[in-house]
Amino acid sequence: MYDETFMRRAIALSEQALGEPGAGPFAAVVVRDGTIVGEGINRSRANFDPTSHGEVEAIRDACGTLKTVDLSGCDLYTTCEPCTMCVATMLIAGIGRMYYGASAQQSGAIVSRFRAIASDDLQREVGLPVGERRMPAEQKLAAESMVVLETWADAAPGRRA
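1 is the number of the first residue of the sequence shown in my numbering; add one for each residue after it.
Just so you know, these hints were derived from the structure itself, not from any lab. Glycine residues also receive a C-beta, built at the ideal position from the N, C-alpha and C atoms. It is possible that some hints are incorrect.
Here are the simulated distance ranges between beta carbons [unchecked claim]: (1) Thr68 to Tyr2: 20 to 28 Å; (2) Gln123 to Glu150: 13 to 21 Å; (3) Glu4 to Val130: 36 to 44 Å; (4) Val126 to Thr35: 31 to 39 Å; (5) Trp152 to Pro21: 22 to 30 Å; (6) Phe48 to Pro136: 21 to 29 Å.
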């Protein structure tokens, strides 16, 4: 259930990021059972890490706090509608619900001044089959890669027969 307190905390983190070298004004908090369990701001430039978005950092923080990679039952509050990478991270982690401030269209008008690839382009590219994307890709050593995956799956606890 939406709680304005958590959105205000994300916005406050976003404002704090304005004074942090290498940080961007994109912030998020992860909430479980009415308690913030993770916080993050965009530190892509500071960390030299293009995946260091506020949502990803908040998820990393929450996973560390809770000692799990399963954030089922958690909600995420973020200052801007997330990019494709951040949405994928939320889905992988099991985030149950997301609340956001600025829409992708609203933030995109500002962010497009600084980004090499617009959010719409990113979303379109990710949705294409690998052979149709702008970035050339070739599959190599599939059989050898599959051996490792099969070995892992066979040894994984709780696997289905």
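Structure-based check of all given hints:
Separation of Thr68 from Tyr2 is about 24 Å and conforms to the stated range, judged on CB atoms against 20 to 28 Å. For Gln123 and Glu150, the Cβ-Cβ distance of about 32 Å falls outside the hinted range of 13 to 21 Å, so the restraint is violated. Against the hinted window of 36 to 44 Å, the Cβ-Cβ separation of Glu4 and Val130 comes to about 42 Å, which satisfies the hint. Val126 and Thr35 have their C-beta atoms about 33 Å apart, which keeps the hinted 31 to 39 Å range intact.
For Trp152 and Pro21, the hinted distance range of 22 to 30 Å is not satisfied, since their beta carbons lie about 41 Å from each other. Checking the proposed 21 to 29 Å range against Phe48 and Pro136 shows it holds: the Cβ atoms sit about 25 Å from each other.
Checked against the numbered hints above, the structure violates hints 2, 5; every other hint is satisfied.
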